[in-house]
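2 protein chains.
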Amino acid sequence: MEIVVGIDIGGTNTEIGLVDINGNILEFDKFETQKFKNEVEYIETLSQKVKSLVFNKYKIIGLGVGAPNANFFTGKIENAPNINWARKVIPFTEMLSDIFKVDVKITNDANAAAIGEMLYGNAIGVKDFILITLGTGLGSGFVCNGELILGHDGFAGEMGHITAVYGGRLCGCGKQGCLETYVSATGIRTTVLEMLRYSKKESLLRKYEAKDITSKSIYEAAVLGDILAHDVFDFTAKILGEKLADIVALTSPKAIYFFGGLSAAGDYLLVPTKKYMEQNLMPIFKNKVKLEVSALMGKNAAVLGAAALIWKEIK
Amino acid sequence: MEIVVGIDIGGTNTEIGLVDINGNILEFDKFETQKFKNEVEYIETLSQKVKSLVFNKYKIIGLGVGAPNANFFTGKIENAPNINWARKVIPFTEMLSDIFKVDVKITNDANAAAIGEMLYGNAIGVKDFILITLGTGLGSGFVCNGELILGHDGFAGEMGHITAVYGGRLCGCGKQGCLETYVSATGIRTTVLEMLRYSKKESLLRKYEAKDITSKSIYEAAVLGDILAHDVFDFTAKILGEKLADIVALTSPKAIYFFGGLSAAGDYLLVPTKKYMEQNLMPIFKNKVKLEVSALMGKNAAVLGAAALIWKEIK
Chain A
46 MEIVVGIDIG
56 GTNTEIGLVD
66 INGNILEFDK
76 FETQKFKNEV
86 EYIETLSQKV
96 KSLVFNKYKI
106 IGLGVGAPNA
116 NFFTGKIENA
126 PNINWARKVI
136 PFTEMLSDIF
146 KVDVKITNDA
156 NAAAIGEMLY
166 GNAIGVKDFI
176 LITLGTGLGS
186 GFVCNGELIL
196 GHDGFAGEMG
206 HITAVYGGRL
216 CGCGKQGCLE
226 TYVSATGIRT
236 TVLEMLRYSK
246 KESLLRKYEA
256 KDITSKSIYE
266 AAVLGDILAH
276 DVFDFTAKIL
286 GEKLADIVAL
296 TSPKAIYFFG
306 GLSAAGDYLL
316 VPTKKYMEQN
326 LMPIFKNKVK
336 LEVSALMGKN
346 AAVLGAAALI
356 WKEIK
Chain B
46 MEIVVGIDIG
56 GTNTEIGLVD
66 INGNILEFDK
76 FETQKFKNEV
86 EYIETLSQKV
96 KSLVFNKYKI
106 IGLGVGAPNA
116 NFFTGKIENA
126 PNINWARKVI
136 PFTEMLSDIF
146 KVDVKITNDA
156 NAAAIGEMLY
166 GNAIGVKDFI
176 LITLGTGLGS
186 GFVCNGELIL
196 GHDGFAGEMG
206 HITAVYGGRL
216 CGCGKQGCLE
226 TYVSATGIRT
236 TVLEMLRYSK
246 KESLLRKYEA
256 KDITSKSIYE
266 AAVLGDILAH
276 DVFDFTAKIL
286 GEKLADIVAL
296 TSPKAIYFFG
306 GLSAAGDYLL
316 VPTKKYMEQN
326 LMPIFKNKVK
336 LEVSALMGKN
346 AAVLGAAALI
356 WKEIK
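These protein sequence lines map, in sequence, to chains A and B. Position in the first sequence (first residue = 1) + 45 = this note's numbering. Position in the second sequence (first residue = 1) + 45 = this note's numbering.
None of these hints come from the bench; they were simulated from the model. Among the hints, erroneous ones may be present.
No distinction is drawn between identical chains; accordingly, a pair holds when it is met within one copy or between any pair of copies.
To be verified - DSSO-like cross-link-like pairs, simulated, lysine-lysine; straight-line CA separation at most 30 angstroms: (1) K299 / K357; (2) K319 / K146; (3) K245 / K94; (4) K333 / K172; (5) K96 / K319; (6) K104 / K245; (7) K96 / K261; (8) K146 / K283; (9) K256 / K299; (10) K335 / K133; (11) K261 / K172.
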């Protein structure tokens with residue numbers, strides 16, 4: 046049986062799935078990403094794991110990889126600061142295709158998730174859409190004319206680093222006021238802490254210690270009618286909605302899908318986001334763009350998306 | 046000899062050129078756009094002019110049209126407010142192909158200019174770039190992976206209507222603070238009038254009556270060292286540079302080209318624009334993106350771009 050190996054390289058774990066053409070994960074394994082001295086040792090373990098999953102049962106037609114700082118064009122992982130063996134330029138696809146003698150593709154996790162959404166999620170048949178991942182940061186994959194927008198150097202889609210507030214919060218990238226410093230699990234937590242400090246409103250969130258406030262606790266407070274939690278979502282939604290309006294004017298997508306921890310807030314975030322987006326759209330764009338949670342929430346979207354890099358070419 | 050008919054429908058004139066594969070305009074004619082009762086009369090005159098240009102000498106392999114509110118996907122002009130016979134939906138390409146029995150393509154003028162730049166200008170061989178037209182408004186054409194970004198409905202590329210200043214200047218589209226209300230021939234003129242009113246600085250521009258201030262007079266004052274004129278370019282460049290930084294993060298183009306009246310200011314606008322853009326870029330994008338005046342300035346870019354819609358398919 047023909048399968049594609051989907052590999053998701055995260056800061057904590059590396060996950061491997063054997064994925065059939067319909068998006069079923071037939072076999073699965075994982076291991077710790079950072080217990081290796083260098084990329085050679087890492088790739089040795091990775092390929093042993095893949096070989097033992099495949100053993101005598103499946104035919105590999107390609108490997109798809111999602112990884113931080115991965116460049117689709119060059120096939121390299123370029124200075125991924127959060128992975129100990131990847132703080133340099135690694136010709137990752139070349140190393141894997143030397144071993145497996147099949148096509149290997151790599152891209153960052155948001156782009157992989159976008160392709161996964163297109164093949165197995167809500168974006169089936171949609172040629173123009175955006176997938177936004179709201180995790181520790183804000184990642185995005187742009188699909189236009191049915192193709193990923195990669196830019197001349199492979200680094201397009203950095204929506205997390207457009208400026209939302211000039212002179213605003215310091216971002217890990219070195220800039221100030223980047224969208225992801227407000228709209229992400231980390232960003233919304235900062236907003237809660239600021240609001241708790243500067244607002245006099247009662248709030249269920251006051252019972253937590255700062256370190257225990259997460260997007261989940263904010264969501265739960267909102268469900269219970271907590272006004273401050275609603276204010277936090279409204280503040281976040283206003284910033285996100287305004288920026289989405291700009292992005293709609295530029296790329297006119299049919300839909301925008303949300304994935305990742307903060308997306309679990311669902312309508313508490315997306316309803317006000319849509320309201321603010323609509324307020325800032327030109328008339329020709331109004332009431333056309335759908336905001337939706339990804340259909341792959343709860344599934345292993347990163348592995349599916351990585352495998353989809355190869356299946357997309359074949360389909 | 047095989048030619049493509051390039052047609053540029055402007056608010057004042059309609060220009061027609063017979064364009065060979067190398068971008069030479071072999072024959073040319075024009076007529077007033079708005080002297081017709083309806084689209085049927087307009088198209089009758091247009092096709093007579095085309096036929097007499099072509100007469101017994103050339104073989105038409107297609108017609109390309111640049112027009113306001115033109116939709117590449119549907120081939121229609123959709124409610125162009127500034128053309129008297131086009132304030133409704135007109136199946137323009139269908140009407141022309143019924144007459145000429147060849148392929149007809151249509152798009153808005155900024156998209157046509159982008160394709161023209163790709164075939165005949167500075168963007169030859171460049172697969173990821175943006176063309177920005179700075180005229181009465183701000184238009185833009187986005188090329189990614191060598192293709193125009195049209196969006197799901199054909200209306201992508203409305204960079205003039207991303208919001209530069211929330212609650213800012215009223216725009217013709219009904220929104221406030223759109224980029225084109227600051228960055229365009231009209232926008233920079235408004236900025237001059239505001240600065241002359243609120244600043245106490247001496248300026249050569251004070252000798253003009255308000256109605257006589259144009260992007261040309263501002264440029265000429267800047268050349269003579271006028272501080273206020275430089276302030277005006279700096280103010281305009283800051284807004285443009287900040288927004289370009291966002292757009293680079295999203296699409297990572299290799300170059301951004303400028304066309305139209307205000308672009309004639311050249312370095313007076315582009316040098317500070319680049320400075321502000323660079324200040325707002327993530328490290329991975331710094332010092333990579335070229336800002337350049339279009340190579341088609343002074344040529345009939347609109348006619349060339351319109352013809353390029355067809356030649357692009359053949360090349």
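Comparing the hints with the structure gives:
1. K299 / K357: For K299 and K357, the Cα distance is within 30 angstroms both inside one copy (20 angstroms) and across copies (26 angstroms).
2. K319 / K146: Result: close neither inside a copy nor across copies, 47 angstroms intra and 45 angstroms inter.
3. K245 / K94: neither (55 angstroms within a copy, 73 angstroms between copies)
4. K333 / K172: both (15 angstroms within a copy, 29 angstroms between copies)
5. K96 / K319: For K96 and K319, neither the intra-copy (46 angstroms) nor the inter-copy (51 angstroms) Cα distance is at most 30 angstroms.
6. K104 / K245: neither (62 angstroms within a copy, 77 angstroms between copies)
7. K96 / K261: neither (38 angstroms within a copy, 69 angstroms between copies)
8. K146 / K283: neither (49 angstroms within a copy, 51 angstroms between copies)
9. K256 / K299: neither (38 angstroms within a copy, 43 angstroms between copies)
10. K335 / K133: Between. Shortest inter-copy distance 27 angstroms satisfies the 30 angstroms Cα cut-off; intra-copy 40 angstroms does not.
11. K261 / K172: neither (32 angstroms within a copy, 43 angstroms between copies)
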